Every structure is written in C-alpha cells, then in structure tokens.
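Undergrad: The primary structure of each chain is shown beneath.
Protein chains: 2
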Amino acid sequence: MLDKFLPYRLSFTTNLVSETVASAYEALFGLRIPEWRLIAVVAENPEGITQQAIGLKTRMDKVTVSRAAASLIDRHLLARQPHRADQRSHLLTLTPAGHELYRAIVPKALELEHRIFSRFSENEIAQFESMLRRIDEIVLDGAI
Amino acid sequence: MLDKFLPYRLSFTTNLVSETVASAYEALFGLRIPEWRLIAVVAENPEGITQQAIGLKTRMDKVTVSRAAASLIDRHLLARQPHRADQRSHLLTLTPAGHELYRAIVPKALELEHRIFSRFSENEIAQFESMLRRIDEIVLDGAI
DNA sequence: ATGATATAGTTTCATTTGCAACTAATAGCG
DNA sequence: CGCTATTAGTTGCAAATGAAACTATATCAT
Numbered sequence: 001m002l003d004k005f006l007p008y009r010l011s012f013t014t015n016l017v018s019e020t021v022a023s024a025y026e027a028l029f030g031l032r033i034p035e036w037r038l039i040a041v042v043a044e045n046p047e048g049i050t051q052q053a054i055g056l057k058t059r060m061d062k063v064t065v066s067r068a069a070a071s072l073i074d075r076h077l078l079a080r081q082p083h084r085a086d087q088r089s090h091l092l093t094l095t096p097a098g099h100e101l102y103r104a105i106v107p108k109a110l111e112l113e114h115r116i117f118s119r120f121s122e123n124e125i126a127q128f129e130s131m132l133r134r135i136d137e138i139v140l141d142g143a144i
Numbered sequence: 001m002l003d004k005f006l007p008y009r010l011s012f013t014t015n016l017v018s019e020t021v022a023s024a025y026e027a028l029f030g031l032r033i034p035e036w037r038l039i040a041v042v043a044e045n046p047e048g049i050t051q052q053a054i055g056l057k058t059r060m061d062k063v064t065v066s067r068a069a070a071s072l073i074d075r076h077l078l079a080r081q082p083h084r085a086d087q088r089s090h091l092l093t094l095t096p097a098g099h100e101l102y103r104a105i106v107p108k109a110l111e112l113e114h115r116i117f118s119r120f121s122e123n124e125i126a127q128f129e130s131m132l133r134r135i136d137e138i139v140l141d142g143a144i
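Respectively, the protein sequence lines represent chains A and B. Under the numbering used here, read the first sequence as residues 1 to 144, first letter to last. Under the numbering used here, read the second sequence as residues 1 to 144, first letter to last.
Simulated from the structure, these hints should not be mistaken for laboratory data. Some clues are possibly wrong.
Identical copies carry no separate label here, and so any pair may be met within one copy or between two of them.
What the hints assert, rightly or not - Below, computed lysine-lysine pairings styled on DSSO-like, alpha-carbon distance capped at 27 angstroms: (1) Lys-57 with Lys-108; (2) Lys-57 with Lys-4; (3) Lys-62 with Lys-4.
None of these values were measured; they are calculated from a predicted model.
Based on the sequences and whatever the hints tell you, model everything.
TA: Here it is in structure tokens:
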C-alpha cells in the first residue's frame, strides 16, 4: 500500500532531493533554501519585486519570505527600494554582491540538477516537469 | 531559472500534495502523516516490525517514528510485542482498532490519490512512479 | 566470562515552521 | 474628506522537527 502510494513516493523522493540540494547550498554558499529562492526570484525581476509577490509566486509563507529577506538584507545581498505605489511594501532588488552570488550559484545549481537527473533523457525531463505542473493545476484548481 | 528548476518544481508540487493529504488524514482520522505511515507499514508486516526497520524503510527519523509509535500506542491503535531476538526493541503490531482504522483509511487514501492524479492515464501514472524511483536510486547510490 | 563497542529507542534541547495578533499603510464607501 | 475594511510586512508564540545525549541491551574480541 504505502510503497505504491504516490503522495508518499512523491514526498519520499522530494525529501531525498531537497536534502541533497539544501546541504549543497548551505555548504557552498551559506544559503538556506528560502534564501536561495529569494535570490533567484529577485534576480529574475530586476525592476524589483515585493515580498508578497514572491510569496504568491513561490507559495512560501509570508513569514518565511520576511525572514529570508531580513537575513539577506543583513548580509547585504538584497536591498529594499521604496515602492512608490504602495508604501506598506518595498521593492526588493539584488545588491552587486547579491548579483555576484547569483551568478556563482546558477551554474552550480544546474550542475546539481544535471547530476540528479543524469539518467533521464531530455525528453523524459520535459515530461516529468510537465506532469508535475499538471498535478499543480489539479490541486490548485481545487479539484480535490 | 527557479521556475524551471526541477528540485524546486518537485518541492512545490510535493508541498501542494502533502498539504492536501495531511489535512484529509487529520480531518477524517485524526492522524498525522507519520502516524498514518506507521499504521500502513505495520499493517503490511503482520508478523510485527521494529521501529528501526520502519525508519529504514520510510527514511523517517527514529525520533519521528518513536513519537508516532508512542502516540498510536496511547490511542490503542498499535501494540508492542516482545521481541525475542533483541530485547532492546519490540515488534509493533496493529490492535483490532488499528486494523479497523487501517481498513477505513485505505479506500479514502486511494480515492484521494485518484483525484489528485485524475488527469493521468494508468500508463502515465506508472511512468511517473518509475521516474520517482529512478531519482531515488540516483540519489541513494550517492551519485551526487 | 569480561570489558569495549555498537545499536534500539527515548528524552532533552535547540532550531525551524507557520498561525495569529499586531502595526502601518491603502482602498472603498458614505 | 473621514470612517471602516483590507492588505503588506513583522513579531510573538506554540507546535513540529531533528541532532545529540542518554539508557538499556546486544555483540565482539580477547
């Protein structure tokens, strides 16, 4: 039963992968997963992005986002720009050091991904990703 | 970058699915995920199984297993049999109430799984599971 | 046998997590 | 405008997690 139960298998595999990835980021860059996610999202939104937008995109709790942001700002990897349109929030952007770190992480992340999926063809990888997204859709559509 | 990064996608999807499953188990049976896993594993090992064997199989921390077992024993869903071969451990078995609960959960779990994967063909489901297992192999083989 | 080392399981403690309450700013409605 | 309701983000608190220390039993080498 359990062994063939897909939510269990999914969780099992994800834990394995996440542990691997988390310890690599920690060892190489001193970043935890939420911190790395913020760096990546902010890097992809060079015009700046609010914490709540990050939360929406990644489904991370706003508390998690808040704490990751605070920690990165402390370390001068992230900066807050005033947000004209809504002064409750700020726009997060990367500092030069943040950019540099991002550029250093990306190739390592891709390399790691490549190793984890080393026995998959391009085609299989695409298919796997598409299946994950279909599951997301189903669950998010509330078809539960 | 992040959006296409497979360890991230995997974690994203798993979180969605796990939240769904966890709240269903909690609401329907008052069980947390580790507790449900113990019930299932013990049900599949009617001759009894030790906590450490459960930990090995499921990769749950021994503390998690210990606490889930204690809680289930408190609720008379699980019982400890003496373990002749090694008295540091016990063999966990289901009580009649535990069996009954197990028989009640299984169809609900399958139904939920069915809903989550409703847009997948049998074939796709098999393929998805096999991919997850291949990832497990790669990571567990230390090919990282 | 006897002492040294290892293992099963529990307990303790520190860390992580996320909900809920809070603060500050905004939006909507009279 | 001015009052109420809502939202962005932080802080406080309680629950969940896991590493490390601990207890009890087992194994192994002499």
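Undergrad: Run every hint past the structure and note whether it holds.
TA: Verification of the supplied hints:
no., hint, result
1, Lys-57 with Lys-108, "within (23 angstroms within a copy, 31 angstroms between copies)"
2, Lys-57 with Lys-4, "between (31 angstroms within a copy, 13 angstroms between copies)"
3, Lys-62 with Lys-4, "between (34 angstroms within a copy, 22 angstroms between copies)"
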